[in-house]
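These are the residues of each chain, in order.
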Amino acid sequence: MSSNNNHADYWKANLKLMGLLLSIWFIVSYVCGILLVDQLNSIQFAGFKLGFWMAQQGSLYVFLILIWVYVKRMNTLDKKFDVEE
Amino acid sequence: MELKTLTIVVVVLSFALYIAIAIWSKAKSTGDFYVAGKGVNPVANGMATAADWMSAASFISMAGIIAFAGYDASVYLMGWTGGYVLLALLLAPYLRKFGKFTVPQFIGDRYYSKTARIVAVVCLIIISFTYVAGQMRGVGIVFSRFLEVEILTGLIIGMGIVFFYAVLGGMKGITYTQVAQYCVLIFAYMVPAIFISLQATGNPIPQMAFGSEMTGEGIYLLTKLDNVVQSLGFTAHTAGNKSTVDMFFITAALMVGTAGLPHVIVRFFTVPKVADARKSAFWALFFITILYTTAPAVGALGRMNLIETMQPGEVGSPTGNLAYEQKPNWFTTWEKTGLLTFDDKNGDGRIQYYNDKNEAFKATADSYGWKGNELKVDRDIMVLANPEIAQLPNWVIALIAAGGIAAALSTAAGLLLVISAAISHDLVKGIIAPDISEKKELMVGRIAAAFAILVAGYLGANPPGFVAQVVALAFGLAASSLFPAILMGIFSKKANKTGAIAGMVVGIVFTLGYIIYFKFMHLELNNADHWWFGISPEGIGTLGMILNFVVATVVSKVTAPPPAEIQKLVESIRVPKVIS
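Chains as they are written, first to last, in my numbering: chain W, 47 to 131; chain X, 1104 to 1683.
In isolation and in its complexed conformation, chain W is listed as follows (with noise of 0.2 angstroms):
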C-alpha cells in the first residue's frame, strides 16, 4: 500500500511539473508569437522585432529548454520515489 501511495506522489510530482512546464510552452508560443505579436513587435532588439523573433526563433530554443528541465526534473524524481528503472 505504501508503494501505492508513493506511486500517488510521483505521479501528482509529474503533473504538477508538467503543467507548468507546458503553461510555459503555451505562452512563448501561442501567446508571445501569435495572440501579442503585434504588441511585442514594437519591442526592438538588435535586428529584431521581438514578436516576430518569437515567432521564428525564440520559441525554438524555449522549447528546447523546457524538454531539458522536464529530463533533469524527472530523473530527480524517479530517484526521489525510487521508481528508477
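Worth double-checking, as some hints may not be accurate.
Said to hold, decoys possible - The following label-pair restraints were derived from C-beta to C-beta distances: (1) Pro1421(X) to Trp114(W): 53 to 61 angstroms; (2) Ser69(W) to Gly1452(X): 24 to 32 angstroms; (3) Ala54(W) to Glu1627(X): 35 to 43 angstroms; (4) Ile1550(X) to Lys58(W): 42 to 50 angstroms; (5) Asn1432(X) to Ile89(W): 37 to 45 angstroms; (6) Tyr1561(X) to Leu81(W): 41 to 49 angstroms; (7) Leu81(W) to Val1653(X): 22 to 30 angstroms; (8) Pro1431(X) to Leu81(W): 40 to 48 angstroms.
Said to hold, decoys possible - Only part of the chain X face toward chain W is listed, based on derived beta-carbon distances under 7 angstroms: (9) Ser1177; (10) Thr1184; (11) Val1188; (12) Leu1192; (13) Leu1324; (14) Thr1341; (15) Ser1346; (16) Met1350; (17) Phe1351; (18) Lys1376; (19) Thr1392; (20) Leu1672; (21) Ile1676; (22) Arg1677; (23) Val1678; (24) Pro1679.
Hints were generated in silico from the structure; no laboratory data involved.
Backbone N, C-alpha and C define an ideal beta-carbon position, used for all residues, glycine too.
Chain W is fixed; fit chain X onto it per the hints.
Chain X alone, transformed into the frame defined by chain W:
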C-alpha cells in the same frame, strides 16, 4: 571535375555508406525489425528521429516558404518543433514503458478491443501513405534536377535503395542509416547557409546574421528587407496576412499532429529505458532546431539576394531593373529547369519583379510603366540555388543533392516501416493469425515493407493531383484521430473502449470531411468567408481533436468503465519501474 560528375560521385558515395550500414545492421528477430532490439543510444536515436522527421519538404521547401510568406510561415517553425514538447512530456516515456512494438498495439491493448486496434491501423495507413507518396516524389525530383535523369528513373533508384535497407535491416537498419543521413543533410544545409550569412552580414552564424546589419550599409537585414519588399507592393517580411485565429489553429494542428505521427512515436520505442525516451526527445529537438532556426535566416537572406539581383537600381526608375541580357549565370541554369521563368510583359527588356496581386499598389506600378510581374520563382530555388547565388564551389552544390536525397529517403524509410509493422504485427499477428511463428512474422513484415515500397513508388510516379496538398493535411488527420486516443489512454483511467473508438471515428471523419469539402469538392469556396470560424482546412485538425476529446469523454461517461486490469495497466505505464 565537372559538376554533374561530382554530384554523381557524392550521391553514389552516400548510397554506398547507407548500404554498408544496412548489411552491418541486418535484423535477426522481430524485435530488431520493429524496434531495433530496444538497444539504441538516446543521442543516436535523437539524430535518427531528426532525420526521420525532416523530410524533403523541410530540407528543400521550408526556407523558400519562409522567404515568400515571411511571418505567416511561423506556423511551420513553431508547429513542427513545439510538437516535440508534447511528445517528451505527454507521450514518449509512457509509450516506452508500455514496451510493445506499434502504436495500434497500444491502442488495442489499452482499450481492450480488436476493433479499436483496427481503427487505429486504418488511421495510421491513411496518414502514412499520404505522407510517403510526397517523399518518393521528392527523391525523383532531386534526381532529375541534379543528375538530369527522368523523374521515373530517379524514383526507381531511390526505391531500390530504400528496399535494400528497410527490407533487410528493418528498424535497426533504418535507425543507423538515418544517423548517417542526418549528418549528410545537416552538413549540406549549414555550409551554404554559413557562407551566405558571412557574405551578407559578416557574421557566419545564420541565427545571428538574421538580426545583423548588412555589410557596409549600416541597416539591419530585416529592416532593409521590410522596406524593399513593401516598395514592391508585398506585405512586410515581418508581418503577415493570415488571421490570428487561423495562425492559432494551424500551429496547434501541426504541433499536435507531430506528436501523433506514428513514424515519429515508434522511434521512442527503440531506446533501452523510459529515462532514455525523455532524453531522446531532447536530442531529437536539438538536432531539428539546428536546421529550423537556420531556415528563417536562409529564407530572409535568399529573398534579399533575389530582390537585389532583380532590382539593382532605384524602384520605379526606368533603368532600376536588371536587364535580361545581363542576367547572372545561375539565372540561366535555373531557367532551364523551369523553376525560374521570365515573361517580358512591358517589352522593355528588363525584369520587373513585384506584387501585381496588390490592388493598392496597381496605380504606383502603372506610373512606373510596369505591366504585371514578369518573374515567376519556384520557392524550392531558395535552397537549391543558394550555393550558386553565393558562388560557392561545386562540391557544395553536389552536397545539396546528397542532402536532399538523404532527407527524402530517411523519412520514406521510417514511414514504410510503420506501415509494414501495422500490417504484419497488428493485422496478421494481432488479429488474423495469432499463432504465427516469429520467423514467419518477420517474413510477413519484409513482404509488407516491399509491397508498401511498390505502392509508394507508384504513388510517387503517378501522383494523384492532390498529393502535395494532402501531405500538409496528414498532420490534421493525426491530430484528430490518434493523438487524443493515446493521450487519454495514459492520462485517464476512465476512458473506455466505446469512447475511444467513437472519438477516433468522429475526429477523423470530421477532419477528412472538412478537408475534402473545401479542397476537392468546392475549391472555389475555400476562403475565409466560408470557413467555419475562419479556420482553414490546414488548421481544422485542431477542431477535430477537440471533438474527439469531447466525444470520447462523454461516451466513456455513459458506458461501462474499463475493467480493473486495464486501470492497473494505466497505473503501471505511469511509473518507469517494472512492478512484478
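Here is what the structure says about each hint:
no. : hint                                        : in the structure
1   : Pro1421(X) to Trp114(W): 53 to 61 angstroms : holds, 57 angstroms
2   : Ser69(W) to Gly1452(X): 24 to 32 angstroms  : violated, 59 angstroms
3   : Ala54(W) to Glu1627(X): 35 to 43 angstroms  : violated, 56 angstroms
4   : Ile1550(X) to Lys58(W): 42 to 50 angstroms  : holds, 48 angstroms
5   : Asn1432(X) to Ile89(W): 37 to 45 angstroms  : holds, 43 angstroms
6   : Tyr1561(X) to Leu81(W): 41 to 49 angstroms  : holds, 44 angstroms
7   : Leu81(W) to Val1653(X): 22 to 30 angstroms  : holds, 24 angstroms
8   : Pro1431(X) to Leu81(W): 40 to 48 angstroms  : holds, 43 angstroms
9   : Ser1177                                     : holds, 4 angstroms
10  : Thr1184                                     : holds, 5 angstroms
11  : Val1188                                     : holds, 5 angstroms
12  : Leu1192                                     : holds, 5 angstroms
13  : Leu1324                                     : holds, 6 angstroms
14  : Thr1341                                     : holds, 4 angstroms
15  : Ser1346                                     : violated, 10 angstroms
16  : Met1350                                     : holds, 5 angstroms
17  : Phe1351                                     : holds, 6 angstroms
18  : Lys1376                                     : holds, 5 angstroms
19  : Thr1392                                     : holds, 5 angstroms
20  : Leu1672                                     : violated, 14 angstroms
21  : Ile1676                                     : violated, 11 angstroms
22  : Arg1677                                     : holds, 5 angstroms
23  : Val1678                                     : holds, 5 angstroms
24  : Pro1679                                     : holds, 5 angstroms
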